[in-house]
Structures are given as structure tokens and as C-alpha cells.
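Peer 1: Residue numbers (the numbering used here), protein chains in the order written: chain A, 1 to 322; chain B, 1 to 440; chain C, 1 to 186.
Misleading hints may appear alongside valid ones.
Calculated lysine-lysine pairs in the DSSO-like style (CA-CA distance at most 30 angstroms, straight line) [stated by the list, open to error]:
#1 C/K130 x A/K45
#2 A/K286 x C/K33
#3 A/K159 x A/K186
#4 A/K186 x B/K291
Pairwise CB distance ranges (calculated) [unchecked claim]:
#5 C/D62 x A/A22: 55 to 61 angstroms
#6 B/E272 x A/R64: 30 to 36 angstroms
#7 B/R411 x A/G208: 29 to 35 angstroms
These are calculated hints, taken from the structure and not from any lab test. We treat Cβ as the ideally placed atom computed from N, Cα and C, and that holds for glycine.
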Amino acid sequence: MSAAIETLWTRKHLLGLEDLSADEINTILKTAASLKEVSLRPIKKVPALRGKTIVNLFFEPSTRTRTSFELAAKRLSADTINIASSSSSLTKGETIIDTVNNLEALKVDAFVVRHASAGVPNLIAQHARASVINAGDGAHEHPTQALLDLFTIQEHRKKIAGLKVSIIGDISHSRVARSNIWGLTKLGAEVTVCAPPTLLPVEIERMGVQVTHDANEAVENADVLMLLRIQHERQETQLIPGIREYRLRYGIDAQRLEKAKPDLLIMHPGPVNRGVELDSFAADGKSSVILDQVTNGVAVRMAVLYLVIGAPEGTPLEGAVV
Amino acid sequence: MSAILIRNGRVIDPSQKIDGTFDLLIHDGVVELVKPSDKKRSEKINELHVIDATGKWVVPGFVDLHTHLREPGREDKETIASGTRAAIAGGFTSICAMPNTEPAMDHGGIVEQVLQQARRANNAQVYPIGAITLGRKGKELTNFQELFEAGCVGLSDDGDPLTNSLLMRRALEASRVFNRPIIQHAEDKALFGKGVMHEGYVSTVLGVEGIPSETETIIIARDIDLAALTGGWLHVAHISTAKGVDLVRQAKKLGIRVTCEVTPHHLALTHEELKGFNSMAKVNPPLRTSKDRDALVQGVMDGTIDCIATDHAPHTDWEKCAPLDTAPFGISGLETAFALCYQSLVEPGHISENRLIELMTSAPAELIRIEAGTLKKDSIADFVLVDPEQSWKVNAKTFVSRGKNTPVEGRVLPVKIVGVFKNGEMKFLEEEKTQRSEHA
Amino acid sequence: MNRAAAKPGLLMDAQAIRRSLVRIAHEIIERNKGVQDLALIGIRTRGAVLAQRLAQEIAAIDQHEVEVGILDITLYRDDFSRVAPNPIVHETDIKFDITNKRLVLVDDVLFTGRTIRAALNALHDFGRSKCIQLAVLVDRGHRELPIRADFVGKNVPTQFSDRIRVQLEDTDEIECVKLELSGGAV
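Construct the entire structure; sequences and hints are all you get.
Peer 2: Below, the structure written as C-alpha cells:
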């Protein structure tokens, strides 16, 4: 083979986008672009990860992300095991580290981890020999969601740099928001976050974003609108006075979109709370790329699995090998 | 008659404002300072165990106002025996045991049981702190008389705040009669919520619930008001915020009886330590910003903060090695306290080594009114040898405490405890360079 | 060891490459009795360039456009466990249905045969073609699998450790085939 082996990827884990360089993010996006074609073939499978075992370790229920990861693994010919464990297994006496050590004894190559507590993938990565991919940890990060969002934006707009992206919703409790803020700002987008003051974490500006409490302002001038799911339990903890008030002030509907750019993209990580953060006009309209996001999720996760599992053990976290 | 002579060390005893080269003679478990030239005094003794302390500091045994010994109840985390042994390893010969045991130290019987275990362990001297309310539940006051008779030196519901203002008022009123402090763990529980760490940029990035500084300052402000109302004695435990220090400073100026302590970790570290979800830096009150830390240092320098206390709060490794939000608050602090404070306060030139030693010996001893922390003639021979030249690397695995969790793992600390004596008895001595004189 | 190998240096210049491709184009048409159902599949990177050029030559001779697809075989490599980190994946671009097509796989150099093995596996996932033929610019020997080329630009005897460097204007600005010795002759 005459072509030199080139790669920019040497990380064993994907724990978040905070630590990634723009080059690393672009490597994932490029790889995803190459892999997207696999899902269009008559036989949607390539042998790249044949013989590798991937454990979907979901301590928090998730259908979408788990299915997407599982499909991604299968299209790369990896074997997958799904473990759905409640976060309260600790109270039964077994710690997360116990769980991981037991699974490692079965010789696995990667853990795809979802947990209600922030930092669990980091904790597992410190103790596991296998690769760890964060599939969402508490309100910390959800890197593959942000990557598929970036991928989708790039597909529609070619370039992310210079785009104005507004993220509207419960920023405080959103791992999707955090990962997207890191990813978008690293790639040069101008990010505005919009939420009631109760749903904005302190000092969020230091992450490199603008802040507004006015949804109209967030919609105007935006190239991309990212809506976040409003959890009904936020009402119970007095963070929002009520769903109705939220809808009136922050819900995206036809009227609010009147002042939007004609080529606006509307995104949502799903599942959509119709009639709360987004009405059907916005969710199903011409601007919506919500289903593209779902499709692209598989390609992006294939790229992440391919790169991360291929990274050699104990490699440094940066540096290009050409 | 046997005795020990600690020869030629630099004796630093802030209680007597002494700092100079002396011999320290230990005889019948009490101390006496001897001028090196005064050969006669020691020659009278038949059997003399001489320890050369040249180049070392000889200082009174440290006093800790805030130690969690976990026994009874959580002997997997720490026992009275292991905790007092850890105290000795850190140079503490007197420690106050906090009442958040299971059951809580809310009755004389439990206090006596703790004291008995401590006597049996024969390490550091234990001074119990009794609970203010039964079961530390914040509902009914304990029997203060009974607790003080059993040997308590203060009252606290530590681990939890006493939030009920009326009960706090009653406790402060009672403190006047007993002349013992009410030690408050200042925390507004509702505002604290499910908080994990200081509310700031780091908590925002990590996506964990924050604990705003006001969680502490609201309670400090209220308690100062209640102390003013009652004339009672408020002691603020482990103060952590710039604003909290300010409140205490202003109260002191107004003549309100309020004292406070600060931990070595709050003086040394900030919430930046939590980056990467480091549960070893999860403490309550949380590590705060560098601005807060600087204000704490300032409080130490200007005397607003009365003393240093460890808040030694050991946990098992499996509990601590958990997600940041579920891992318990607290770290093992006894064995790193002095060296860490030296590094944060003395090395940068904020205070002298004499002042640091005062903050860890006579200051807490006088505050809590116990006979300790001094090398005055005929006082109990509790003292520590410090090697000011010997740096060491923190390795929690080697901790004497059962709690192997520290936020300063791997850190190189500049000074080392090399010998500890309790009641004139040698508890440990590194690189023993001794000789027996043969006067007989 | 007696080397019956070619001397290091220039093996083919731009003109030689062009002549080879013209000849191969003729051979392809001859072998397949025209270009009915014919498609070319170039293996990334230089095989893809060569496939485009062959298609042009064929069109010049036969006045028929043949379809060209581009195949990236990275995901089918058999040396994943030995190369780390994983190599970069490029896009595979086959926009037509290969079922019942006569495919000519195009690569620059045929060596161990492992790349071709990977390409054959990949093509199977796209459908059942009528047949697959192989065209290469250079065959340098040292096969490790039972694979041979149907159309060869130039046979070059080499030492296993030698390196054949194919450079094409589209990817490398210059156009030539060179033989380079590895770390001096033994």
C-alpha cells in the first residue's frame, strides 16, 4: 500500500468537547462524512471493528442515544452488549467501579456511558483499560450530540465559522448546551444562550457566549436555533413558574419566527416537547433539520467509535501522527 | 529516675513568646525549658535519654478544634484509635471530636464511652464536642449540663447547621453560663439544596449543582445577630468565604463574642481543584474562589480568624471514589495540616512560623479553654519535633488514618513532623539519633 | 541474494504512463467486447485518478461514457490491530448500482494483493456484479494472496523492501513512476 497512514486522532476516550482542539473536532466530522455513505449501501455494514466488543452502559434510560450508538457499532461490525442499570445500584452495595471492573473482566474494548451524574465517564476512564465514550453525563457534556449538531450545521451551511447560533432553553441542566457551546465556539461560531435567569448557570459568559433573556432577540439574526427540552420537573423545583409561562416567553412558534432569517436552521436534540419549547409549525417546518440530526447521529457515532477504539493504549492526548 | 532531654533544638512556644535554642527536659511527664549552658539541671538526673534536636524545631503539641473520629457508628471510616493515631502522626496531641457520630454525642453516656475509648487508645487527648440538639436533628436541645460534666468542651451539631433560630438563641444563651462556645456549621440548608461544590465558573462547566457563598454568610450573619442579642459565644466552624470573614471582622469590632476557625485546605486550595470531577477535593463548606482564599489568608493575618482547625473528615475509598455528586464531603486532614499551612501561609511570607504555630497550639487551646498547646514549666509534656528542611511527598496510601483521601495527593510539602511526644511519652521519632548518658 | 530487480530511478515518465493507459483502455474494450455494462472503480487515492483517466481514454476510443466509482478501502483493511491509531477514512463514492455490471478495479501499484482483497470485500457489500477485473499501472510482484491483474501498465521486478512511488499530476503535481531503494542496497 503506497498511501501513508495519516491520522490526527490519538485519544483513547471521548469524554467531552471541552478538551478537544478544533482540528480534532474536524477529524471526527470528516470521518463522519466518509462514514455516512455506509448507511446508504444495500449492505449497511463494514468490517472495520470486527471482533471488537462495545458495552452500552446506560445508568439512565435512553432510547435514542442508545439505539444510535448500537446501530453505529453494528454498522462497523462490532459486537454490542446493552446494560441498563439504574443509577441507584450504588445503594445495593456495588459501586460503579465494581460494575466496570466486572465488565472489563469479560474483555471489552469500549464503554459507551450514560449516567445521571456528571463526571461518571471521567471516573470510569480513570479506572478502565477500555475506551470510554460519554453518551451524556448529568448536566456536564453530551459530546456526540454536539458533534452530530455540528455535522448537521456543516452539511447545510458548509462552514460553521461566523455563524450565529442561539441556544434556547434550560441551559443550567443541559449537557447538550455545554457540549455545543464548546464545539461551536471552537469552530468559530458566535453563540448566544437564551433562558430565564433561573435556568442559566452562573458565569456562563466565561464559556465564550452572549447571554439574553429575550427569545425574540435570540431568534432575530440567528443562522441556527437550537432548542432544548424543558423538563417538567423544573416546575416542581420552582425554576420555572409554569410550562405556560415558559411557552409564552420562550416557546418558538410561527409568530416568533416571523423575524427570523429565511434560511434559518431549527434544531432540537429530541425528544421534542411539542407546544412547549417548539410548536409543530417550527418542528415540522422547512427550517427544521431535526430528522437530519437523527440520521447524522449514526455517522458521527460511527466516526467516534472508529477513532477512539483505534487509538493505541497510553497514547498522549495530543499530537499528530502522520 | 528516667527523663528525656531534647537537646539543642529551636524551641518555639508562642504561649510564652519564646523562640530560641533551648534544651527541653521532660521529667515525670511534664516539661521544663533549660538553657543549654545549664548543665547542672540535667546532670542531677540519673538516667537521661538524650535526643539531639539540632536543626529541628521543638514546638508544643498541636491542638485541633475540629476532628471527625467517626466512632461510634462508622468505624469503617475511622475509629477513635486510628483517628487519634493519625492525629499524633500529624503532630496533634489534643483534638476535639465532633459529635456527628451514630448515635450522635448527645448524651453523657456516649461522651464517656468516647473518652474511654480514647484513653484505651492512648494516643492524642480527645476533647469531645457535644451535640446541641438531640440526634443533631435540630428539634430539641440536649442536656448541656450533662454533656459538659461528661467532659465536653463545646457544643455543635456539626455536619449539619442548627437552622432553627429560636434553638440557636437558646443555645447561645446557655453558652454564657457554661462559658463554652456554640460551634456553628454555617449553612443555609434550603439554599444549599443538592449542592456539590462552590457555585462558580467551575461548577457551571462541570454541570454540577453549586453552593453559593451566601449559603454560609446568611447563617453567619444571623448567628452574629443572635450572639449580639444573647451575649452568647458563637464559634464559626471552618469559615470559607470572603464575606463570612468580613462579617466576623465587623462583629468583633462591635465587641460581639464571636470566634472562628479556618481549615488548612481552605487556605491552600480553590474550587479549581474540582476540575476533572476530583471528588478528593469535595468538602463542605466547599473550596471556593481564589478571592475567598485570599480573604481567608487576610483574616488569618489580621487576627479575625482565631485558629486553624483541620475538619479531618475521613471516608472509605469506595465511598469517595464515586461520582462527584454522590461522593461524601470530607477529606483526611490531620496528617498534612501543619505542612500544608506552612506552605500556604509561611512560605509566601503571609505570617511567621511562630504565628502559624500559635494558631495551631496556644490559640485553639486558649479558645476552647483546655490545658494544652504550651511548653510552660510543669505543663504536660506534649510536643512536636519539626524538621524545617525536610520536604516530603504526600502519599495517602501511607496515611495512618483509615481515610486515604486527600486533595493534595502527590504534592511536595516543605516541612515535616519528625517526632511527637504525648505526656512525655515518645509516640514516634524519625531517624532516632539518641544516646544514653551514663551518669550512674 | 541475487537481485533480478529493476534499477532504482525513473521507471515511467508522463508519456509512458499515458501510453500505458491508452493501451489498457484498448485492452479493456477488447476483453469486454465493448463497454456495455462496464464500470470502473478506482481505489483511493491514485487508483481513483487513474480510473478517471481510463474512462476518458475509453470514451475517446469508443465514444461511450463509462461510469466511474471511487472506493476507499480503509474500513476493510486487515491490519487494524497492527496500525494504531486508526487511519483516516475517506469517502467511498459509488453512485450507481453495481449489480450485473462488469467492473474494472483500478489501482496504481499491485504488490501483496491485500488492498485488492479489501476492495473485493468492499465491492461485495455494494451488490453482485457480473465480474470484476483488475487494472494496475505497475505490478511489482511479491503477492501474498491468489490475486493477479488482468491489465498491467508495466511489470517491475523489485525487492520486497523497495518502494514504488507513483506520482500523478492531479495529486502530486508531477507525473512519473520511480523505484526507490529502502535504506541502501544490502
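Peer 1: To test your reading of the hints: which numbers does this structure violate?
Peer 2: 2 and 5
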